[in-house]
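Protein chains in written order, with the numbering used here: chain A, -7 to 347; chain B, -7 to 347; chain C, -12 to 319; chain D, -12 to 319.
Bear in mind the hints are in silico, worked out from the structure with no lab data behind them. Do not take every clue at face value.
Cut-off 27 angstroms, straight-line C-alpha distance, at most; resulting in silico cross-link-like pairs (DSSO-like, lysine-lysine) [as the list claims (entries may be wrong)]: (1) Lys300(A) to Lys39(A); (2) Lys256(B) to Lys26(C); (3) Lys283(A) to Lys304(A); (4) Lys344(B) to Lys215(C); (5) Lys(-4)(D) to Lys138(B); (6) Lys39(B) to Lys194(B); (7) Lys223(B) to Lys264(B); (8) Lys256(A) to Lys44(D); (9) Lys211(C) to Lys344(B); (10) Lys212(D) to Lys189(A); (11) Lys(-4)(C) to Lys256(B); (12) Lys24(B) to Lys194(B); (13) Lys247(D) to Lys224(D); (14) Lys310(D) to Lys211(D); (15) Lys189(A) to Lys44(D); (16) Lys174(C) to Lys215(C); (17) Lys24(A) to Lys223(A); (18) Lys26(D) to Lys264(A); (19) Lys188(C) to Lys(-7)(C); (20) Lys212(C) to Lys256(B); (21) Lys212(C) to Lys224(C); (22) Lys188(C) to Lys344(B); (23) Lys26(C) to Lys138(A); (24) Lys340(B) to Lys44(C); (25) Lys138(A) to Lys44(C); (26) Lys(-4)(D) to Lys44(D); (27) Lys(-4)(D) to Lys256(A); (28) Lys138(A) to Lys112(A); (29) Lys212(D) to Lys340(A); (30) Lys26(D) to Lys256(A); (31) Lys344(A) to Lys310(D); (32) Lys194(B) to Lys26(C); (33) Lys174(D) to Lys211(D); (34) Lys44(D) to Lys138(B); (35) Lys344(A) to Lys211(D).
Every value quoted in this text rests on a predicted model; they were computed, and no experiment measured them.
Chain residues, written in single-letter form:
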Amino acid sequence: METQFPMKQILNEDGIVVNAEYESQMTEELTKELYVMMLRARMFDRKSVNLQRQGRIGTYVPFEGQEAAQVGSALVLEEGDWMFPTYRDHGATLTYGHSARNLFLYWKGYPMGCVPPEGKNIFPPAVPIASQLLHATGTAWAEQLKGTDRGSIVYFGDGATSEGDFHEGLNFASVFNAPVVFFNQNNGFAISVPTEKQMKSKTIAQKAVAYDIPGVRLDGNDIFVVYFETKAAMERARRGEGPTLIEAVTYRYGAHTTADDPSKYRDQEESKRRRETTDPLLRLERYLQNKGYFEESWKAQVEEEITKEIEKAVEDMEAYGPAEPSDMFTHVFKTPTWSVQDQYDAFKARVKEEV
Amino acid sequence: METQFPMKQILNEDGIVVNAEYESQMTEELTKELYVMMLRARMFDRKSVNLQRQGRIGTYVPFEGQEAAQVGSALVLEEGDWMFPTYRDHGATLTYGHSARNLFLYWKGYPMGCVPPEGKNIFPPAVPIASQLLHATGTAWAEQLKGTDRGSIVYFGDGATSEGDFHEGLNFASVFNAPVVFFNQNNGFAISVPTEKQMKSKTIAQKAVAYDIPGVRLDGNDIFVVYFETKAAMERARRGEGPTLIEAVTYRYGAHTTADDPSKYRDQEESKRRRETTDPLLRLERYLQNKGYFEESWKAQVEEEITKEIEKAVEDMEAYGPAEPSDMFTHVFKTPTWSVQDQYDAFKARVKEEV
Amino acid sequence: MSTAVKTQKLTMVQAITDAMATMMREHDDILVLGEDVGKNGGVFRATDGLEAEFGEKRVIDTPLAESGIIGTSIGLAMNGFRPIAEMQFLGFIYPAFNQIMTHASRIRSRTLGHFTVPMVIRAPFGAGVRAPEIHSDSVEALFTHMPGIKVVIPSNAYDAKGLLIASIEDPDPVLFLEPMRNYRSHKLEVPEEKYTVEIGKGARLQEGDDITLIAWGAMVDVIKKAAKEIEEEEGIKCDVLDLRTLYPMDRDLIAESVQKTGRAVIVHEAPGTGGVGNDVVSLINDTSFLYLRSPIKRVTGHDTPVPMCAIEDDYLPNADRVKQAITETVRF
Amino acid sequence: MSTAVKTQKLTMVQAITDAMATMMREHDDILVLGEDVGKNGGVFRATDGLEAEFGEKRVIDTPLAESGIIGTSIGLAMNGFRPIAEMQFLGFIYPAFNQIMTHASRIRSRTLGHFTVPMVIRAPFGAGVRAPEIHSDSVEALFTHMPGIKVVIPSNAYDAKGLLIASIEDPDPVLFLEPMRNYRSHKLEVPEEKYTVEIGKGARLQEGDDITLIAWGAMVDVIKKAAKEIEEEEGIKCDVLDLRTLYPMDRDLIAESVQKTGRAVIVHEAPGTGGVGNDVVSLINDTSFLYLRSPIKRVTGHDTPVPMCAIEDDYLPNADRVKQAITETVRF
Ligand SMILES: Cc1ncc(C[n+]2csc(CCOP(=O)(O)OP(=O)(O)O)c2C)c(N)n1
Ligand SMILES: Cc1ncc(C[n+]2csc(CCOP(=O)(O)OP(=O)(O)O)c2C)c(N)n1
Ligand SMILES: [Mg+2]
Ligand SMILES: [Mg+2]
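In isolation and in its complexed conformation, chain A is listed as follows (with noise of 0.2 angstroms):
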């Protein structure tokens, strides 16, 4: 089956290209674009660490590592597409045009932070795993319903295999041939239990075949084999020709968590080892420098830049006040039933009291 699903990539790990079928659309304003938004995503990503380690806000989630993965399928969306995204995926989000300051609210155990912007199609992170795809499914067929050409793009990571809830969800779109994108990063893990002990399968790619589906393997480190692999499966989505599985191969360098520790059950070296050869950051900064489009003024531009709008959203998480305890009771409902109502008049009164 890996020679039937061999990892595509347009980009080797030296910034060449290997594949020239999207040359002529590897323009230096796209690429630019694609190195642009992955320093952003690693930037915030640093960042959140650092705000974990500083108490500012809760556990949290690093992605670093898979920003190719995330940032090169998110470009791909169109306003009004629907993204689905997991608990580590706030590179895709970000990029989507999530909120910095309410993915920092998340983290720190606020319920704004589950709200995307207005207008914006940004599920919050899905917790319980693979439960998401089905969502996906339904509203993507639903605009297959409605008759527009937009779709879902949903996350999940090698370990979401597993659950009947992946197969369900995969098979429910190839047979109402709903336009969804189904976007797995194998990262090698799902906390300790590596891909091997997950599935007996080599690739995650060849699980297509059972739904009859289109499935794709690719270096995820590669974010132009990420970008136009994923640009194809949502325009096949558009047309009316149903749903693909997209395994992006990539790796997270740092813990599952904040809370983790993966020195406990994996030689962290590799990922020193990683980061200096096959990191997407520094593979596209490669091909930009090989292209001469690369400058380091630039880079620092960017990177000031950058740098000033994550500590604007920083200052706007901490600018926003305590989380509001009443949100619990508002929204549970509609029009609060009587047993929720009471609960909060109780809670108010508590309040009052303590005042």
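For chain A, the structure is supplied; the task is to place chains B, C and D with the ligands on it using the hints.
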């Protein structure tokens, strides 16, 4: 995929051998055993339908048309192997040694109907679709841990492939290399829903690709191919080579259950046509005739013996006496909790009062 | 224009079909989906004729996967549709439990109203029709304990149509449970037009001063029978309540009745431990403690799985058990 | 031989690990399986060191699929093993609901004892440790309503070891719920050897005549605190009960206590509606009606999903809410 998973056949509709691979093992003795066991299954099924019509048992789930798949696969098992049937697989359980009386009692709604003969590892019919695939994987895994060469066979329908537990069962079995045969009877319908609405894939066998295990598609009305392919799969399992997914393509002639009206959703002419052409018993009879093994007097004698056996089982069922309400209380836990015991005591007091 | 409402005599299952058809005619965004709901019209014929009238795009035979049905319905509901998802039997809702518990019921709350899930989950339930194992489970309590979803249970044709229409119109998820035993047990005059029965309101079926009887679903007929017989036999007059909605429960109706009678018997099919009957006991304790003249009695299914159908009658509460509880309570 | 029992000071999570190791040393048929239970030793380190000691064949990292874990454990249990299956958090047990509800809990009953499922399902649960959404659910009530399974909840290290060993030895399935908040909140002297705490028996933690306080899991510390403070502040003396097992519940202990005090406050984290508190109310109603001097109070989580962790403290019952309920009850 249909070309990658062609439908294997040994005996064609006219009873001609089209694949000589196993011909040396197709002895008169084996052939007659297969025939007798299919006939027995069919006569049991018809008797059950009649008993239901006469109100002597409740709703029943007929399997006529699927005898080759059930009998051929069940005959492969050896003492100590585990069998996990659905509500439609009495042809299989009977063949593996279940008590006909208890099968009747099951459809009479008696608790005893779920109990297999001592020493027979036959689970009661799985009611929640596909849930049994995991049990079969678990019992097989246990055999592996114990170091025996026993394994499990589990039956399920085309509809069952849509459930999450189908996927989780195959994935666990593949990861732990459990000695299980996943025996699918694709009878074209899940109640009213045809296979084309159940899945986009053209075969069920191809779903094995997702787990990197062998997937075999075969003519489920050809008992030779069922027997030899299931045997091969079970032998692989016994040798420690892990699970196999078998798709036996077949058809149920009758209603989904005695409470179902198939004319609501399909043309029953098709059933008639199939009875005359692809019927598993007719086909083997043709082969026996071609071979000169068949004599009407032999068949008559066999039928007489089976009739006797079944009539005896019916008698036993009716001699069993009323169902025992206390069964409800006495096996919830090994030692009843006080709430069960109190309810049981109250029940006994009520019964006493009535007397 | 005449004010006379045109009615037709319908069984409960016919009234349910009628409710869906009535609403689907008016609203294109309503979909029906589930196993065998299309051509077959559902195993109980609850969706009979809907596919013929509304087509395969709106009345959809899904693959056999409950999590898939609920999970995709959530997506449809978040994106402009109002799905009515059928679980073939309530006993087969368990594979969808995760989707209902962690998503359908929570999405409004966790997104502060940004996304909502206006869907109805319909499911036949309960014992007494000689169904196979698992088919007869009565697990309403699993859902009343689930914040963010309402639980509605009609016991007759009129309420069924009105409550189902109210459920479809509800902006939040509603679990609509249909007692199989009542599907065809009687017919009632049901208005042809659209009407609603308010979610959260119970009904008093009979006035009486001596004791309050409380039930829902198939057990309503049981308490009606018990009330009738105990009045004839012992002159005890019962206040008979059909709760109709289990969450939110009609607190006022229960409190008012128990404050009048000072006694209560609650009847449900589900096991007593963890059953909704305990909630009713608490509600009475909370609202009417000083009015109580004797302990509240619960007559329930046993703390056992619903048994094989040959003995299910020994599992189910019946009028005799209810009458015994009434007598004990009144004589306490 | 000395009769002195050798003990070690352990946190609750260490006592849990110790219970498993103690039993696994004696019995080859005990397996541990779940997500990340192997090399990683579990996300809370509850299985730390077990893989190293007992090997990969007995301490098994499974694929990420809860239905798969429970379903295969059922098979293992029916065929000679005693699996201890870990759910990473109770909030992730929902995908396995069908396997637990229709199989683990029913197999003995439906086969009249022919097949049995001696398994333990362990799961950390409850709010208060700043976990993300869903991780903090407290849904014990879903399982007390499920005939055929026991529900055990320790609140401290000593009970945890003794109850877990009793659960492993139990011939029937046991859901063993571990309040995360108590995993490392205190240490106790725990015997090194094997011992059991009987399933179905609660514990009286403090004697008092004025009112009975009842809780389990993490809420036990809350009622202990409330009892201490209310005695200091108002001289009210509480009888403090830790139920330890929710099914079967210790009826005698509760009845005896309430018959002495005439008053009760029940505290749990789960939403009030449908919560196990209602069962306790019913139990008191059934056993001790004539002894009650005021209505029973329940102090519970709200009828809302457990909120995002920044506001979870406003969801959880605390000593102040309990004291208020005590005062209202005593002054009723
Ligand atoms: C249903 C469910 N079970 C368990 C968990 C706990 N859990 C959180 S993340 C995780 C591993 C996920 O691995 P993978 O799908 O590969 O995604 P990754 O974290 O690598 O991005 C687990 C087991 C969960 N969130 N949901
Ligand atoms: C989880 C679950 N959902 C729904 C049902 C109701 N049901 C019983 S049989 C059946 C169709 C099964 O079709 P298939 O798997 O093809 O098996 P067949 O009946 O054709 O043998 C359905 C939907 C069930 N038993 N379990
Ligand atoms: Mg991963
Ligand atoms: Mg079928």
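Structure-based check of all given hints:
Taking the CA atoms of Lys300(A) and Lys39(A), the gap is near 12 angstroms; set against the 27 angstroms cutoff, the hint holds. The hinted pair formed by Lys256(B) and Lys26(C) meets the criterion: a straight-line CA distance of about 7 angstroms does not exceed 27 angstroms. With a C-alpha separation of about 34 angstroms, the suggested pair Lys283(A) and Lys304(A) falls outside the 27 angstroms cut-off, and the hint is violated. Of the supplied pair hints, the one linking Lys344(B) and Lys215(C) holds, its CA atoms being roughly 25 angstroms apart against a limit of 27 angstroms.
Taking the CA atoms of Lys(-4)(D) and Lys138(B), the gap is near 37 angstroms; set against the 27 angstroms cutoff, the hint is violated. A hinted pair counts as satisfied when its Cα atoms are at most 27 angstroms apart, and Lys39(B) with Lys194(B) does not qualify at roughly 35 angstroms. Using a Cα cut-off of 27 angstroms, the hinted pair Lys223(B) and Lys264(B) is violated, with the two alpha carbons roughly 31 angstroms apart. Under the criterion of a C-alpha separation no larger than 27 angstroms, the hint pairing Lys256(A) with Lys44(D) is consistent with the structure, at around 19 angstroms.
With a C-alpha separation of about 26 angstroms, the suggested pair Lys211(C) and Lys344(B) falls inside the 27 angstroms cut-off, and the hint holds. Under the criterion of a C-alpha separation no larger than 27 angstroms, the hint pairing Lys212(D) with Lys189(A) is inconsistent with the structure, at around 46 angstroms. Note on Lys(-4)(C) and Lys256(B): the hinted pairing holds, with a Cα-Cα distance of about 25 angstroms set against a maximum of 27 angstroms. Restraint check: the Cα-Cα separation between Lys24(B) and Lys194(B) comes to about 34 angstroms, which exceeds 27 angstroms; the hinted pair is violated.
For a cut-off of 27 angstroms, the pair hint linking Lys247(D) to Lys224(D) stands: about 12 angstroms separates their Cα positions. In summary, the hint linking Lys310(D) to Lys211(D) is supported, as the alpha carbons are separated by about 11 angstroms, within the 27 angstroms threshold. The suggested pairing of Lys189(A) with Lys44(D) holds, with an alpha-carbon distance near 13 angstroms, which does not exceed 27 angstroms. Distance hint between Lys174(C) and Lys215(C) is fulfilled; the C-alpha atoms sit about 20 angstroms from each other, no more than 27 angstroms.
Proposed proximity of Lys24(A) and Lys223(A) is supported: the alpha carbons are some 18 angstroms apart, at most 27 angstroms. Of the supplied pair hints, the one linking Lys26(D) and Lys264(A) holds, its CA atoms being roughly 22 angstroms apart against a limit of 27 angstroms. Proximity of Lys188(C) to Lys(-7)(C) is assessed by CA-CA distance (about 25 angstroms); at most 27 angstroms being required, the pair is judged to hold. Under the criterion of a C-alpha separation no larger than 27 angstroms, the hint pairing Lys212(C) with Lys256(B) is inconsistent with the structure, at around 37 angstroms.
A distance of roughly 12 angstroms separates the Cα atoms of Lys212(C) and Lys224(C); the hinted pair therefore holds under the 27 angstroms criterion. For the proposed pair Lys188(C) and Lys344(B), the alpha carbon gap of about 41 angstroms is over 27 angstroms, so the pair is violated. Note on Lys26(C) and Lys138(A): the hinted pairing holds, with a Cα-Cα distance of about 23 angstroms set against a maximum of 27 angstroms. Restraint check: the Cα-Cα separation between Lys340(B) and Lys44(C) comes to about 54 angstroms, which exceeds 27 angstroms; the hinted pair is violated.
Restraint check: the Cα-Cα separation between Lys138(A) and Lys44(C) comes to about 11 angstroms, which is no more than 27 angstroms; the hinted pair holds. For a cut-off of 27 angstroms, the pair hint linking Lys(-4)(D) to Lys44(D) is broken: about 30 angstroms separates their Cα positions. Restraint check: the Cα-Cα separation between Lys(-4)(D) and Lys256(A) comes to about 25 angstroms, which is no more than 27 angstroms; the hinted pair holds. Between Lys138(A) and Lys112(A), the direct Cα distance comes to roughly 18 angstroms. Compliance with the 27 angstroms bound is thereby established for this hinted pair.
With a C-alpha separation of about 23 angstroms, the suggested pairing of Lys212(D) with Lys340(A) holds against the 27 angstroms cut-off. Of the supplied pair hints, the one linking Lys26(D) and Lys256(A) holds, its CA atoms being roughly 7 angstroms apart against a limit of 27 angstroms. Proximity of Lys344(A) to Lys310(D) is assessed by CA-CA distance (about 17 angstroms); at most 27 angstroms being required, the pair is judged to hold. Our distance criterion of 27 angstroms between C-alpha atoms is met by Lys194(B) and Lys26(C), whose separation comes to about 22 angstroms.
A threshold of 27 angstroms between alpha carbons decides the hint, and for Lys174(D) with Lys211(D) the separation of about 16 angstroms falls inside it, so the pair holds. Straight-line distance between C-alpha atoms of Lys44(D) and Lys138(B) comes to about 11 angstroms, which keeps the hinted pair within the 27 angstroms bound. With a CA separation close to 26 angstroms, the supplied pair Lys344(A) and Lys211(D) stays within the 27 angstroms bound.
Against the hints set out earlier in the document, violations occur for numbers 3, 5, 6, 7, 10, 12, 20, 22, 24 and 26.
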